[in-house]
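From first to last, the protein sequence lines stand for chains A, B, C and D. Convert by adding 5 to the 1-based position in the first sequence; the result is the number in the working numbering. Convert by adding 5 to the 1-based position in the second sequence; the result is the number in the working numbering. Convert by adding 5 to the 1-based position in the third sequence; the result is the number in the working numbering. Convert by adding 5 to the 1-based position in the fourth sequence; the result is the number in the working numbering.
Simulated from the structure, these hints should not be mistaken for lab results. Since the model is a prediction, treat every value here as computed from it, not as a measurement. Among the hints, a few may not be true.
Same chains, same label: a pair holds when it works inside one copy or across any pair of copies.
Calculated pairs, BS3-like style, for lysine-lysine (alpha carbon to alpha carbon, straight line, at most 25 Å) [what the hints assert, rightly or not]:
no.	residue 1	residue 2
1	K105	K9
2	K113	K130
3	K114	K130
4	K9	K114
5	K9	K113
4 protein chains.
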Amino acid sequence: MTFKAADPDFESRIRASFARQGVMRLIGASIVRVEPGAVDIELPFREDLTQQHGYFHAGISSTIADSAGGYAAYTLFPASSSVLTVEFKINLVAPAEGEKLVARGRVKKAGRTLTVCELEVAAVKDGRERACAYGLQTMMRIDAMADGRPAG
Amino acid sequence: MTFKAADPDFESRIRASFARQGVMRLIGASIVRVEPGAVDIELPFREDLTQQHGYFHAGISSTIADSAGGYAAYTLFPASSSVLTVEFKINLVAPAEGEKLVARGRVKKAGRTLTVCELEVAAVKDGRERACAYGLQTMMRIDAMADGRPAG
Amino acid sequence: MTFKAADPDFESRIRASFARQGVMRLIGASIVRVEPGAVDIELPFREDLTQQHGYFHAGISSTIADSAGGYAAYTLFPASSSVLTVEFKINLVAPAEGEKLVARGRVKKAGRTLTVCELEVAAVKDGRERACAYGLQTMMRIDAMADGRPAG
Amino acid sequence: MTFKAADPDFESRIRASFARQGVMRLIGASIVRVEPGAVDIELPFREDLTQQHGYFHAGISSTIADSAGGYAAYTLFPASSSVLTVEFKINLVAPAEGEKLVARGRVKKAGRTLTVCELEVAAVKDGRERACAYGLQTMMRIDAMADGRPAG
Chain A
6 MTFKAADPDF
16 ESRIRASFAR
26 QGVMRLIGAS
36 IVRVEPGAVD
46 IELPFREDLT
56 QQHGYFHAGI
66 SSTIADSAGG
76 YAAYTLFPAS
86 SSVLTVEFKI
96 NLVAPAEGEK
106 LVARGRVKKA
116 GRTLTVCELE
126 VAAVKDGRER
136 ACAYGLQTMM
146 RIDAMADGRP
156 AG
Chain B
6 MTFKAADPDF
16 ESRIRASFAR
26 QGVMRLIGAS
36 IVRVEPGAVD
46 IELPFREDLT
56 QQHGYFHAGI
66 SSTIADSAGG
76 YAAYTLFPAS
86 SSVLTVEFKI
96 NLVAPAEGEK
106 LVARGRVKKA
116 GRTLTVCELE
126 VAAVKDGRER
136 ACAYGLQTMM
146 RIDAMADGRP
156 AG
Chain C
6 MTFKAADPDF
16 ESRIRASFAR
26 QGVMRLIGAS
36 IVRVEPGAVD
46 IELPFREDLT
56 QQHGYFHAGI
66 SSTIADSAGG
76 YAAYTLFPAS
86 SSVLTVEFKI
96 NLVAPAEGEK
106 LVARGRVKKA
116 GRTLTVCELE
126 VAAVKDGRER
136 ACAYGLQTMM
146 RIDAMADGRP
156 AG
Chain D
6 MTFKAADPDF
16 ESRIRASFAR
26 QGVMRLIGAS
36 IVRVEPGAVD
46 IELPFREDLT
56 QQHGYFHAGI
66 SSTIADSAGG
76 YAAYTLFPAS
86 SSVLTVEFKI
96 NLVAPAEGEK
106 LVARGRVKKA
116 GRTLTVCELE
126 VAAVKDGRER
136 ACAYGLQTMM
146 RIDAMADGRP
156 AG
């Protein structure tokens, strides 16, 4: 699917919002692709991101998938709006094992209030990529609220 | 629902497995309830767990919810087994705002291979609790694999 | 949870809308409980509602669960509004086998635009009830659209 | 993705199983594509398949989507096995309005026990197709149980 962004400055808007997500710094994630309706987030492996078997924790895969989908939706929103996750569902189809994860959010349907995204997380191990999670997500556009932390 | 744990040492088994989840130390989560079919995890607020509006990130709510449900299921498994998340779905119904989160995992249906859990995350703000997420999760019992990181 | 319906005539509004759902007549479902935030739908067994093993088809369980949740949400909406399903997720935890199904929709969170419901489907076999599905659903309130089929 | 079916007679096995689904006859659905990992089901519009606004009921979209995904998974299973839906999630992204629906089930990940499928339902109106639902589904392979209704 091809989308056009209404806001010409969507990329800097998304990158600024991503930079405000404290959790992305904590885990070491970076945003590596920002296009209308499509955002990718990468996350190198660290011991402190694991579950009990030493793989990336499913919640960490979900964290970067949720942000990738949320920002994919947000690329298409007007500059004055904000974005919230309504819900998402994720299937963990293989161990999230490797030197890094790549989460991809893709808009499937852009609506006035709700936008639906497809999520995919791939694990890169020894340079080879393998899908480890698939998801579906509903995002909501909030017109009355500017993005960014409220002052104070 | 009331469940009986087949393994009398389920609590120490769950706590040991939880201690191996590197990500729980990273975010500062602790396991505060372990009963047959029921596990609660708490997470105090920190700036580095937030999304762009300064609330807990949905992925962080999901991370503790996923572990709470996973360990709720694991309480009912035999000692020789392991547990994996097949999938989960989560609805974020209110901002995850407050001094801490409490994630509760409750087994709804314990099957031989698959176990289904209900997830709830509440935000505690000024001492008052409010539900901020509801979820549903499918866990899988793996008999051939001991829990814990494979050696070397 | 206890809810109050803003519209005093919510019950007749829900029953009239249910009566317009052609598919409920086709499958033989009836609405057996209508309270603020809570709706139950019953469906007697018939051979022509089955999947390949002779149980109720998962889609049929989903159909009555979706309507039960949708109408549970709709009890709390103003009379001038309409209701649409945004999404739902359902876990089939036991065969839907027996003389009838009962689907229960319960509002978990009533919001201005979105309402989240919990779904449960039980199968009644030889007079004994057993849960066969659990779900979670997001409903949307549409203010600009009256319920009922558009003329012409 | 490209898959190979282990059972050379997968197509006749799927068609025979589909013919045993009483509900497919009731609603008038037919299976129009059966390939390894891919099944399509079509459903012409009828008044008795509708919700209160005169569109196809979300549960009916879900019914054919669930069977499309289930049979897509089943194409890859051995002849001696059976298939059950573990869970699915569906987003209704546009009114299911038109002269027919087409549900497409596609295997995303084929596992030994669990198989994950992507679901799409499109509505065809005046000959033009538009996506009206996206879903994600988990199917389970049951080795001890032959497909088809138990005798007696």
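How the hints compare with the structure:
In this assembly of identical chains, the alpha carbons of K105 and K9 never lie at most 25 Å apart, being 30 Å within a copy and 30 Å across copies at closest. For the identical chains of this complex, K113 and K130 are inter-copy neighbours only, at 20 Å across copies versus 28 Å inside a copy, given an alpha-carbon limit of 25 Å. For a Cα distance limit of 25 Å, the shortest separation of K114 from K130 across copies, 18 Å, qualifies, whereas the shortest one inside one copy, 32 Å, does not. For the identical chains of this complex, K9 and K114 are intra-copy neighbours only, at 13 Å inside a copy versus 31 Å across copies, given an alpha-carbon limit of 25 Å.
In this assembly of identical chains, K9 and K113 lie within 25 Å of each other by CA distance solely inside one copy; the values are 13 Å within and 28 Å between copies.
Checked against the numbered hints listed earlier, the structure breaks hint 1 alone; every other hint is satisfied.
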